[in-house]
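**Student:** Sequence:
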Amino acid sequence: MNTLVYELDPKGDIFLVLDNVSQDLPPNLCDIITSPGWPNELNNPAPPESDLNVIRKLADEGRAPRRILQIRASSKHLILSCPQFERSLQDGFQEGNALKATGRLEFPVQDWEAIPFLILMLIIHHRSRMVPRQLSLDRIVEMARLVDYYECYEAVEPFVDSWLISQNIKSLPSEWWIPSDVDEAEKWIFITWVFNEAKPFKDASIYLESKSTGMVTFNQLPVPSSIQDAINSSRRALISGIIESMQNIFSKLRDGPRPML
Numbered sequence: 001m002n003t004l005v006y007e008l009d010p011k012g013d014i015f016l017v018l019d020n021v022s023q024d025l026p027p028n029l030c031d032i033i034t035s036p037g038w039p040n041e042l043n044n045p046a047p048p049e050s051d052l053n054v055i056r057k058l059a060d061e062g063r064a065p066r067r068i069l070q071i072r073a074s075s076k077h078l079i080l081s082c083p084q085f086e087r088s089l090q091d092g093f094q095e096g097n098a099l100k101a102t103g104r105l106e107f108p109v110q111d112w113e114a115i116p117f118l119i120l121m122l123i124i125h126h127r128s129r130m131v132p133r134q135l136s137l138d139r140i141v142e143m144a145r146l147v148d149y150y151e152c153y154e155a156v157e158p159f160v161d162s163w164l165i166s167q168n169i170k171s172l173p174s175e176w177w178i179p180s181d182v183d184e185a186e187k188w189i190f191i192t193w194v195f196n197e198a199k200p201f202k203d204a205s206i207y208l209e210s211k212s213t214g215m216v217t218f219n220q221l222p223v224p225s226s227i228q229d230a231i232n233s234s235r236r237a238l239i240s241g242i243i244e245s246m247q248n249i250f251s252k253l254r255d256g257p258r259p260m261l
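All the letters of the sequence shown, read from the start, carry residue numbers 1 to 261 under our numbering.
Any given hint might turn out to be false.
[To be verified] Distance windows between CB atoms, simulated: (1) 178 to 106: 44 to 52 angstroms; (2) 97 to 236: 32 to 40 angstroms; (3) 133 to 26: 18 to 26 angstroms; (4) 256 to 161: 53 to 61 angstroms; (5) 206 to 10: 48 to 56 angstroms; (6) 84 to 243: 16 to 24 angstroms; (7) 3 to 98: 18 to 26 angstroms; (8) 45 to 250: 56 to 64 angstroms; (9) 98 to 44: 37 to 45 angstroms; (10) 76 to 224: 47 to 55 angstroms; (11) 154 to 250: 18 to 26 angstroms; (12) 27 to 222: 44 to 52 angstroms.
[Stated by the list, open to error] Derived lysine to aspartate or glutamate pairs resembling EDC-like cross-links, with alpha carbons at most 20 angstroms apart: (13) 211 to 255; (14) 76 to 13; (15) 202 to 244; (16) 211 to 157; (17) 252 to 229; (18) 76 to 86; (19) 170 to 151; (20) 11 to 24; (21) 202 to 183; (22) 202 to 229; (23) 100 to 229; (24) 199 to 244; (25) 100 to 111; (26) 199 to 209; (27) 76 to 183; (28) 211 to 229; (29) 76 to 91.
In case anyone wonders, no lab produced these hints; they're calculated from the structure.
Ideal placement from N, C-alpha and C gives every residue a C-beta, glycine not left out.
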């Protein structure tokens with residue numbers, strides 16, 4: 001098994017372990033920003049589900065090029081920036097007890113893409129020069145997922161404007177910006193909800209209400225049910241209003257013009 005170590009804090013007491021990361025990640029953290037595909041195309045390998053057990057078995061036997069990324073981090077930085085880490089690392093929890101007992105901890109990180117997670121850790125550890133100012137829409141979605149899960153809204157806030165500008169959200173007058181389709185509108189509603197951007201949130205919601213051809217479900221994005229219910233309710237009201245207007249028009253056409261008095 002191939003292990004890569006990125007030190008965000010040379011004296012860090014936590015090793016955040018990400019499994020099965022891209023083979024294209026450079027050996028040295030300082031080279032990451034010049035790597036081909038940074039920051040939008042270096043993704044974790046995604047083999048077919050049927051191959052996963054075979055790959056894991058080969059990796060356990062040392063016969064597969066499975067790559068592990070360890071990020072050496074500071075528990076103090078994580079606790080100060082992320083309430084989720086603060087809860088996990090407090091006394092009484094398994095991770096917190098292990099850290100207190102040994103002075104170091106290997107912390108498995110599951111279900112996250114390596115690059116957005118690394119970007120978040122760069123932000124939390126004040127490596128601002130390495131943080132990309134331009135991200136693709138899907139990368140911003142991944143960042144929003146992480147920020148929402150770890151609750152590190154304040155830490156990431158200084159970088160949000162540049163990410164949105166890179167997608168023309170703040171570089172164009174609001175009346176010129178509209179999502180390209182329903183899927184994109186759903187992503188923008190999630191992003192702007194997480195980052196508290198009221199105007200594009202409203203614009204994307206209006207687009208979704210008028211363009212969606214079915215119930216809005218947000219495609220597994222962790223959008224609160226209250227937002228989903230409000231959009232679907234508004235959409236139903238809009239449809240009912242249109243139907244009522246059409247019925248009034250049909251009635252007038254059927255009955256003909258009223259006689260003059």
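**Student:** Hints first: check each against the structure and report whether it holds.
**Tutor:** Consistency of the hints with the structure:
1. 178 to 106: 44 to 52 angstroms: holds (46 angstroms)
2. 97 to 236: 32 to 40 angstroms: violated (51 angstroms)
3. 133 to 26: 18 to 26 angstroms: holds (20 angstroms)
4. 256 to 161: 53 to 61 angstroms: Taking Cβ atoms as reference, residue 256 and residue 161 lie about 59 angstroms apart, which means the hint holds.
5. 206 to 10: 48 to 56 angstroms: Holds: the Cβ-Cβ distance is about 50 angstroms, inside 48 to 56 angstroms.
6. 84 to 243: 16 to 24 angstroms: For residue 84 and residue 243 the Cβ distance comes to about 46 angstroms; the hint is violated.
7. 3 to 98: 18 to 26 angstroms: Holds: the Cβ-Cβ distance is about 20 angstroms, inside 18 to 26 angstroms.
8. 45 to 250: 56 to 64 angstroms: Roughly 58 angstroms apart at Cβ, these two residues keep to the hinted range, so it holds.
9. 98 to 44: 37 to 45 angstroms: violated (26 angstroms)
10. 76 to 224: 47 to 55 angstroms: With Cβ atoms ~31 angstroms apart, the hint is violated.
11. 154 to 250: 18 to 26 angstroms: violated (55 angstroms)
12. 27 to 222: 44 to 52 angstroms: At 34 angstroms between Cβs, range violated.
13. 211 to 255: violated (33 angstroms)
14. 76 to 13: Since the Cα atoms of residue 76 and residue 13 sit roughly 9 angstroms apart, the hinted pair holds (cutoff 20 angstroms).
15. 202 to 244: Answer violated: residue 202 to residue 244 is near 25 angstroms, above 20 angstroms.
16. 211 to 157: violated (31 angstroms)
17. 252 to 229: violated (35 angstroms)
18. 76 to 86: holds (9 angstroms)
19. 170 to 151: violated (24 angstroms)
20. 11 to 24: violated (26 angstroms)
21. 202 to 183: holds (16 angstroms)
22. 202 to 229: Given pair residue 202, residue 229 holds - Cα atoms ~15 angstroms apart, limit 20 angstroms.
23. 100 to 229: violated (44 angstroms)
24. 199 to 244: violated (30 angstroms)
25. 100 to 111: Outside the cut-off at roughly 26 angstroms; violated.
26. 199 to 209: Status holds; Cα separation ~15 angstroms.
27. 76 to 183: violated (38 angstroms)
28. 211 to 229: holds (16 angstroms)
29. 76 to 91: holds (14 angstroms)
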